[in-house]
Amino acid sequence: MTQKFWWLAVALGVCLGTAQAQVTVRKGGSAKAGIDWSRLVAGGGVPAEFKRVLEDDLLRSGWFVPAAPGAEFALIGTAQVSGQLAAQIQLYSASQQRWLLSKQYAVAPGAARTLAHRVADDILVAIGQKGMFSGHIALLGTRSGAKELYVCDMDGGNLQQITNDRNICLAPRWAPDGQRITYTAFLKRYPDVYLIDLATHSRRVIASYGGMNSGGAISPDGSLVALTLSKDGSPNLYVRAVNGGTPVRLTSEPRAAIASPCWSPDGSHIVYASDQASTAHPQLYVISRSGGAPRRLTTRGSQNVSPNWGANGLIAYASLMGKFQICVLDPNTLDSKMISPGDASYEDPCWAPDGRHIVCSRTQNYRSSIYLLDTLGDPPVALGQLSGDWTSPSVTAK
Amino acid sequence: MQSKRWMMWMAVGLVAAVALGSGCKKKTAGSGTGEGDIGGKLGGIGDGTGVGSRPDLNALEFAGQFQSVYFDYDSAQVKESERAKVETVAAALKKSTAGGVIVEGHCDERGSAEYNLALGERRAGAVRNYLQSLGLDATRIQTKSFGKEKPVALGHDEESWSKNRRAEFVLFK
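One line per chain: the protein sequences are C and A, in this order.
Under this note's numbering, the first residue of the first sequence carries the number 1, and numbering increases by one thereafter.
Under this note's numbering, the first residue of the second sequence carries the number 1001, and numbering increases by one thereafter.
These are computed hints drawn from the structure, not numbers from a lab.
Any given hint could turn out to be false.
Stated by the list, open to error - Here are the simulated DSSO-like cross-link-like pairs (lysine-lysine), alpha carbons at most 27 Å apart as the crow flies:
| id | chain 1 | residue 1 | chain 2 | residue 2 |
| --- | --- | --- | --- | --- |
| 1 | C | 130 | C | 103 |
| 2 | A | 1163 | A | 1079 |
| 3 | C | 398 | C | 130 |
| 4 | C | 323 | C | 337 |
| 5 | C | 323 | A | 1085 |
| 6 | C | 188 | A | 1079 |
| 7 | C | 188 | C | 130 |
| 8 | A | 1173 | C | 323 |
| 9 | A | 1085 | C | 231 |
| 10 | A | 1085 | A | 1095 |
| 11 | C | 323 | C | 231 |
| 12 | A | 1150 | C | 231 |
| 13 | C | 188 | A | 1150 |
| 14 | A | 1079 | A | 1094 |
| 15 | C | 130 | C | 337 |
| 16 | A | 1173 | A | 1085 |
| 17 | A | 1173 | A | 1095 |
| 18 | A | 1173 | A | 1150 |
| 19 | A | 1094 | C | 323 |
| 20 | A | 1150 | A | 1095 |
| 21 | A | 1150 | A | 1163 |
| 22 | A | 1085 | A | 1163 |
| 23 | A | 1173 | C | 398 |
| 24 | A | 1079 | A | 1095 |
| 25 | C | 231 | A | 1173 |
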């Protein structure tokens, strides 16, 4: 009963925004409204690309289905290039009989994709939802022959290779500012935590203590970093100011492997994976950022790893149930629900900025790629069709 | 009919959202003490004496002189059957006072990269602890985990996995 209750809160909490819209179509799991975009007029070339990316975003958002004139929503306007790419966008709601959005945009023609993502997010906000398409994904890819750090758009497009180290690297995480990424790399032969600034492409080591340095989760306010360090023995959880100082140990496990710290949205707690219990396999625990006794969150599943605490208060994680599957857990009630469809191995979940979708890696026949999962039941979508293996996605907060 | 059902769902959602929201507030109450409060509450973690400083980046490393120590799945325990290998390393190192050993911990391909990095470090740490118990000075032992990033066997079965769950010894001078 309570499990169903909280899950309805998740599902319908995000639905409240569209309360006034008439939901007419149900397809692929979740409720959707029809949108007619036949009167968004875009010429060939850059404007056509803009329109294509925008339409793909709107479909991927999960709230819309393409429809003929007379549908709940009408997307009307123009996109053309005369020096700049100029777009005029209006969104009309039939049930409310009013314009929900009326806006003009102008960007350099090279920014057509970026503009399409921005307009998609403006449309989502106009219907009372949260956007996600202006966000970015950091991920690891082996396309070059070695594992390197990449960044791409939320639809998998605009892929950019960030590192070219031909070295071992793992666990990229965005800083809350969406401008910097922490990750673990062996550039000085040992696993250290680095902070890379995308604007300047400068990189500095932020944790290089004896033994293992990993984690590198920066707190929501940007001041602290959560680290897993073995400088005092077994890998334990520490926090420290991002810019230096003495790490303060939060956990005191003499015989455990502690990994994957992630901050609660308010910065008051940290969730992590640890094999400290007698079961020997990793489970999820939460601890106050001021230390104290950790609280175990998971009991089901032989392994529970890679927690990601969303702004919606829910923790996504990977649970071993034959194959790894993505689950979502309410840390207050400890109720959890499996999100992935079970057809392959799904790992490394990270909430999208809309609080509805989860980006993760999907592995089948030993090949890994990045997928978008929908907590409201739409089928998983592959982000990009790329050669090589793609793992460890991290998504910006906005 | 359709809109009536929709309204009912909405009402459920609203009530549930409010309940969820109040639940979240409870969680934050009483937390958020300053960073400086943290340290004193914790005792030692008691798993060996901690890690010595890293060897110089230009130090010479010699791999492949000793047999690897193998581990059970998700375990960092040095098994009875593997202990003689560690004892051989301890005996060799105690013959001189120069240089030391890097214990490299490795895992099989299953599970998250980050957890395996920590597990590999635990395996290396367990071997370090045993070396110390045999009388080797802690300052001559360095641990390094590669997690699941450097398998020696590339198959996807127990035969390969059992070869990858290992600790390797690399001497440095």
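Status of each hint after checking the structure:
1. C:130 with C:103: 18 Å, holds
2. A:1163 with A:1079: 15 Å, holds
3. C:398 with C:130: 10 Å, holds
4. C:323 with C:337: 16 Å, holds
5. C:323 with A:1085: Given pair residue 323 (chain C), residue 1085 (chain A) is violated - Cα atoms ~35 Å apart, limit 27 Å.
6. C:188 with A:1079: 31 Å, violated
7. C:188 with C:130: Violated, at roughly 42 Å.
8. A:1173 with C:323: 44 Å, violated
9. A:1085 with C:231: 25 Å, holds
10. A:1085 with A:1095: It holds: about 16 Å lies between the C-alpha atoms, which stays within 27 Å.
11. C:323 with C:231: Cα-Cα ~33 Å, so violated.
12. A:1150 with C:231: 22 Å, holds
13. C:188 with A:1150: 16 Å, holds
14. A:1079 with A:1094: 23 Å, holds
15. C:130 with C:337: The given pair, whose Cα atoms are some 22 Å apart, holds under the 27 Å limit.
16. A:1173 with A:1085: Judged against 27 Å, a Cα distance of about 21 Å means the pair holds.
17. A:1173 with A:1095: Judged against 27 Å, a Cα distance of about 14 Å means the pair holds.
18. A:1173 with A:1150: 23 Å, holds
19. A:1094 with C:323: Outside the cut-off at roughly 46 Å; violated.
20. A:1150 with A:1095: 31 Å, violated
21. A:1150 with A:1163: 11 Å, holds
22. A:1085 with A:1163: 15 Å, holds
23. A:1173 with C:398: 49 Å, violated
24. A:1079 with A:1095: 25 Å, holds
25. C:231 with A:1173: 22 Å, holds
The structure does not agree with the numbered hints 5, 6, 7, 8, 11, 19, 20, 23 stated previously, though it agrees with the rest.
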